[in-house]
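Take a look at the letters that make up each chain.
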Amino acid sequence: MSLQNCEESLAFQDSFAIPRTGCAYTVALAGNPNTGKSTLFNALTGLKQHTGNWPGKTVVQYRGNYKHQNREFTLVDLPGTYSLLANSAEEQIARDFICFGRPDATVIVVDATCLERNLNLALQVMEITGRAVVCLNLIDEARRKNIVIDHLALESRLGVPVIPSAARSGEGLGQLKEVISLVADGAIRPEPVQLSYPAEIEQLLEDLGRRLPPGLPSWVNRRWIALRLLDGDRTVADWLSKNSENNPTGRRIS
Amino acid sequence: MSTQATDFAAGVKLNPECNILTAPEVPFLHDQIVTAIYARAEEVTKNVASAAATQTGWDHKIDSLVTSRIFGYPLMLALLGTVFWLTISGANVPSAMLADFFFAVEQHLTALFMLAGAPAWLHGIAVLGTYRGLAWVVSVMLPPMAIFFPLFTILEDLGYLPRVAFNLDHIFKRFGAHGKQALTMSMGFGCNAAGVIAARIIDSPRERMLAILTNSFVPCNGRFPTLIAIAMIFMGAGALGSLAASATVAGLVLVGVAVTLIVSLVLSKTLLRGTPSTFTLELPPYRRPKLTDVIVRSFFDRTLFVLRRAVIVAAPAGALTWLLANVRIGDLSALAHLAGWLDPFGRALGMDGIIILSFILGLPANEIVVPIMVMSYMAAGAMMEAESLTALQSLLVGHGWTWVTALNFMLFSLLHFPCGTTLLTIRKETGSPGWAVFAALMPLAVASLVCLLVAQAARLAGLL
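Residue numbers (the working numbering), protein chains in the order written: chain A, -2 to 251; chain B, 56 to 519.
Keep in mind that the hints are not guaranteed to be accurate.
List time: in silico DSS-like cross-link candidates among lysine-lysine, alpha-carbon distance up to 30 Å [as the list claims (entries may be wrong)]:
1. B:Lys483 - A:Lys142
2. B:Lys324 - B:Lys228
3. A:Lys174 - B:Lys101
4. A:Lys174 - A:Lys45
5. B:Lys101 - A:Lys142
6. A:Lys174 - A:Lys142
7. B:Lys101 - B:Lys324
8. B:Lys116 - B:Lys345
9. B:Lys116 - B:Lys101
10. B:Lys483 - B:Lys228
11. A:Lys64 - A:Lys45
12. B:Lys345 - A:Lys142
Derived by calculation from the structure, the hints in this document are not laboratory data.
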């Protein structure tokens, strides 16, 4: 990542009240409630933590720093949510940060003992960003319950790296940090397997995707933007009208 | 470039143009998106995780029964009915015993006042007003509460209430409300003020307002004993009496839920327009209720709390009622004036002026409506030694009550304005006195309308 990129992405993160620490990578931590997300956050950052509020929201923002191979990483703990369809303030914060905060990597913490429910969120995150890493947490508890998960098969089905871990005992954290660093660097470029919708919706997505302003920033996932617009998502429409260079009037679309 | 932008802007204008773009072509678009996500999650899981990962435990089996499309609702009704039946058939005997005890004490108190040479007005306020009011509250309401609350607490502790919310979720959504409103409504069965506060779990302001405004349509702790007592008296006669009485109370709960839904729908089409949002509800694991917890929480937190509130408010209300009944303006008491003034309204709703006056004086707490009513009736002439529910029955029948009156009374109690505490809570939660006033007037209108219809139907059928 060049310095210029760094400046640019930091500018975006300003609106999320993430202060710059040199030119650290920003890593978002997403996951369902009760998946050991906070344990992982504490295990990675230790005592280097800061607490604040998400701008304009009464939701607490936790962030912390850690070093890996002489690179500084800022870890942002997103609110625990079951989905990103933006039904609540928490979901909206998580969603907006993953999309518009442009983290260098997003770690999705997944509870290995109830994989299916947790994958719902993971799939939604992977719709937004390709820079995703799945942390298959609570793997020790899953073992105790005789649940066997083929994490390599999971990796190939999802199209993003999957790291089994047990944050409580520290198992797998070294590998996780390494993979985060590779994804943030761009050394690994995950290609998440996209969800396929009924043909009708796919057709609409394609139409709408083509009609999106061509000048959108390259990092924006146009398919996802189209999907959100189709679903009637007001905040995405607002963002689009504010950030679209092709909207000469600058007026808000909603 | 600019045409493209305008074209694009026209295409995604969200309301209402976007709906025109999407709605006719893709029905249930949001549901289809969610379905696609869930289907993929299921497919991936099936292929990478061993069978043990999918729940097959006993609690899962119970859940599939309790929340099933076929058995969910009948089971819910059966449980509710059983709880009421146990309460009603169990409360009769201790109720009579308590009444006997209190009125034996009353005679001693009267004797004591005579002995001390106390003036008649003091004896009136203290014994006939305050003490008798308290005795009524305790003997009529304590036994049903002491049975009902532990049973309800057990259901709560088992983890059944979230399942109820789960069952009701899609109904609420169909009526324009948030699925979580099923949860806040369940809280309202305990206490409407608590239900109003619980509405904080709903994020959308529109849907939270719906939940707040309709919460009082389900009977709270303060009104359950009232409903149960009146149902016991007027629907509980005969061999199948307690069954009929339980069915009546269960039916009233259903009416309350139905009105909640209808009012939610009407409001979401008028004052609070919008579409419901989705949410995830995690069903907590079933837990064996801890006996001591059940006893402590149902007895101290609920029974004694309700009773204490009833007593604290009923005592001054009893004194006030006695004063109203004994202060004469012209040749009638103040109470008679007020009741007479309200009488046409009460009659139209199939009740009478005293009942309406009791509801108004009972604004501080629903628990005291029956005591105030009883005191007013007694003060209005028929002074009687009330011994038990049968005595209450003859008092009410003596004042022209029929089961139609009882039905209207129960419906009015179910649907009328929430108690003062709840209204204050609504004011605080919505930050608006206007909504609080609306929260009082809207249910009053609903209750009046329903009672008017029932009374009218009874008149046509020649029952009134």
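The hints, checked one at a time:
| no. | hint | result |
| --- | --- | --- |
| 1 | B:Lys483 - A:Lys142 | 47 Å, violated |
| 2 | B:Lys324 - B:Lys228 | 13 Å, holds |
| 3 | A:Lys174 - B:Lys101 | 28 Å, holds |
| 4 | A:Lys174 - A:Lys45 | 16 Å, holds |
| 5 | B:Lys101 - A:Lys142 | 17 Å, holds |
| 6 | A:Lys174 - A:Lys142 | 27 Å, holds |
| 7 | B:Lys101 - B:Lys324 | 42 Å, violated |
| 8 | B:Lys116 - B:Lys345 | 23 Å, holds |
| 9 | B:Lys116 - B:Lys101 | 19 Å, holds |
| 10 | B:Lys483 - B:Lys228 | 26 Å, holds |
| 11 | A:Lys64 - A:Lys45 | 11 Å, holds |
| 12 | B:Lys345 - A:Lys142 | 26 Å, holds |
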